[in-house]
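Here the protein sequences line up with chains A and B, keeping their order.
Residue numbers for the first sequence follow full-length UniProt numbering, beginning at 1 and rising by one.
Residue numbers for the second sequence follow full-length UniProt numbering, beginning at 1 and rising by one.
Honestly, the hints are just simulated from the structure, not real lab data.
Computed from a predicted structure; not experimentally measured.
Certain hints may be false.
One copy or two, it doesn't matter: identical chains are merged, so the pair holds either way.
As the list claims (entries may be wrong) - With a straight-line cut-off of 25 Å between C-alpha atoms, the simulated BS3-like cross-links for lysine-lysine are: (1) K256 - K295; (2) K174 - K220; (3) K231 - K204; (4) K48 - K142.
There are 2 protein chains.
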Amino acid sequence: MSRITSSAPGKVILFGEHFVVEGQPAIAIAVSLRAYVTVEPTQSDEIKVYSKNFDLTETFPLNQRDSWTGKMTPVAVAAYTAMLEADKKTGLNIHIDSQIPPGSGMGSSAAVAVATVHATSLALGLQLDPRKVSDLAYEAEKVVHGKPSGIDNTIATFGGAIAYRKGEGFIQLKPIFRGVKLVLADTGNPRNTGEMVRRVLALKNTYPSILDPIYYSAGKLVVEAAQLLEKGDYENLGILMNINHGLLSAVGVSTKEIELLVHTARENGALGAKLTGAGGGGYIVALCRENDAEKIISALKSHATNVLTVNLEEEGVRKENI
Amino acid sequence: MSRITSSAPGKVILFGEHFVVEGQPAIAIAVSLRAYVTVEPTQSDEIKVYSKNFDLTETFPLNQRDSWTGKMTPVAVAAYTAMLEADKKTGLNIHIDSQIPPGSGMGSSAAVAVATVHATSLALGLQLDPRKVSDLAYEAEKVVHGKPSGIDNTIATFGGAIAYRKGEGFIQLKPIFRGVKLVLADTGNPRNTGEMVRRVLALKNTYPSILDPIYYSAGKLVVEAAQLLEKGDYENLGILMNINHGLLSAVGVSTKEIELLVHTARENGALGAKLTGAGGGGYIVALCRENDAEKIISALKSHATNVLTVNLEEEGVRKENI
Chain A
1 MSRITSSAPG KVILFGEHFV VEGQPAIAIA VSLRAYVTVE PTQSDEIKVY
51 SKNFDLTETF PLNQRDSWTG KMTPVAVAAY TAMLEADKKT GLNIHIDSQI
101 PPGSGMGSSA AVAVATVHAT SLALGLQLDP RKVSDLAYEA EKVVHGKPSG
151 IDNTIATFGG AIAYRKGEGF IQLKPIFRGV KLVLADTGNP RNTGEMVRRV
201 LALKNTYPSI LDPIYYSAGK LVVEAAQLLE KGDYENLGIL MNINHGLLSA
251 VGVSTKEIEL LVHTARENGA LGAKLTGAGG GGYIVALCRE NDAEKIISAL
301 KSHATNVLTV NLEEEGVRKE NI
Chain B
1 MSRITSSAPG KVILFGEHFV VEGQPAIAIA VSLRAYVTVE PTQSDEIKVY
51 SKNFDLTETF PLNQRDSWTG KMTPVAVAAY TAMLEADKKT GLNIHIDSQI
101 PPGSGMGSSA AVAVATVHAT SLALGLQLDP RKVSDLAYEA EKVVHGKPSG
151 IDNTIATFGG AIAYRKGEGF IQLKPIFRGV KLVLADTGNP RNTGEMVRRV
201 LALKNTYPSI LDPIYYSAGK LVVEAAQLLE KGDYENLGIL MNINHGLLSA
251 VGVSTKEIEL LVHTARENGA LGAKLTGAGG GGYIVALCRE NDAEKIISAL
301 KSHATNVLTV NLEEEGVRKE NI
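The shape of chain A in the complex, shown without the other chains (with noise of 0.2 Å):
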């Protein structure tokens, strides 16, 4: 039993969110934050778990698995799962420090999940399969979030891009990504993932005339973005990454705060931009040139509460060498 940080990538999801909800593809993108989580098993009966980004510590009995409350419990119970993995209980002084901004549908949960299971099972001496990392991850995030996609603990885990079609689970991507950048700029209000999806699905259920062709052209446009990503074709991904903008925009989950940055990003010269995940708030993300980015950041700087820039990250969770 060692001192172990393992660390996994966030993601962005480029095409299809909430068309992914009804059975249409998607295409999510690990990108270049990573959080970092570093288990260290102690003689103790509880896991310890500090977030330096929150700076926060909470405890977790082992042996009061019921009881546990607090805003650091998904961590917990990724750490007990990749325990009951490896047969063996300990005690557990976990530490994260997340470059992810948490709630920003950028996958900080997941990653945060997928590096502890990774570290956890590594401190015990247990070798996991990656697939194996994944499910666990996935397992424990299921017991704190409901019922998720499973796209964010697959992107944490094997970095690099996937589409998805509910159902049918994932393809791996060989995205090309080069010369270009995603630049992320956060609207500053909060997303309501829950509330977005239920209106949309309302929207279908009212209107499925309407809505059934968005969700079939939402489709195709996954489709046909898969094959421009896989090229490197960058401008016509920036052309289809605007029109999935508006089909989102049609569903109802734009906002004026989110338009401002989406129009801001493409007057000052992003190949494309739209929101990225539930919408209602949170982030849009465009892809830019790297010539052409610096003056993109700036513009959305004066509008934007956090502007991040990020690439592709190929790499998924790994063992950091501290």
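Based on these hints, arrange chain B on the given structure of chain A.
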């Protein structure tokens, strides 16, 4: 032969712009902004047109029809067309005073043409069937503007609301429009209809599998909207305006300024808001309950260069008793 004043209303496209170009239906309604045209036969051998809006006088010699140029040519051509129909050539003084903002996509040009044909024929002692007035105005418009859809002259002649499909012509709708208003707000950016139409068609040719279902959705939406308009179901009509706007955003004709106005209207209580016409600039239209109109207008005024409040106009072209 006597001095006659006629007037005809402008229009807004409520649903289906752009998609109408490829055979989907559209809905346009006459609005309570009218173009007033006074025609007075003279002893001269020329048509003299004075536009109050442009503070401009232009003269068109009757015996040099081929040499006519200048901004007011469409008016002279409309009058001339009516003269040919009446089989009486005479000098005319024409005075134009329009409430319809020129270049707004609100059919200012067609309303002037319709009122000019109407007033000229009456001044020459000819009582034309409304269908004939509309056709002659269309012929006159065609000489100057290429090949218009025929929506504008139809609305200006008949008033009310129409559903239109290319190749199939018009259906007169029986709209209920009570307790609501339309608020129109100008982005201050000029439209460029030709350029926008070309861009949308180019996008459709590049991505037919993505765009075709969007057009299909837009068509279904118009059928639904026509029923809601005849029922006076404004709540759902507003929702369809929002969806329609998203589809227009998807085909690439929205802008930051358009989105700012659309979302400002919605945030301040509009039942629905969308760009109207070709996009890329121009006006947005918001459907508002009468009680909410003041708040919406006042909010729009901080962003728009012009804000107009209109009703549905039931009456088409008419002789004014002035």
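Hint compliance check: list the failing hint numbers for this structure, sorted ascending. Checked against the structure, no hint fails, so every one of them is satisfied.
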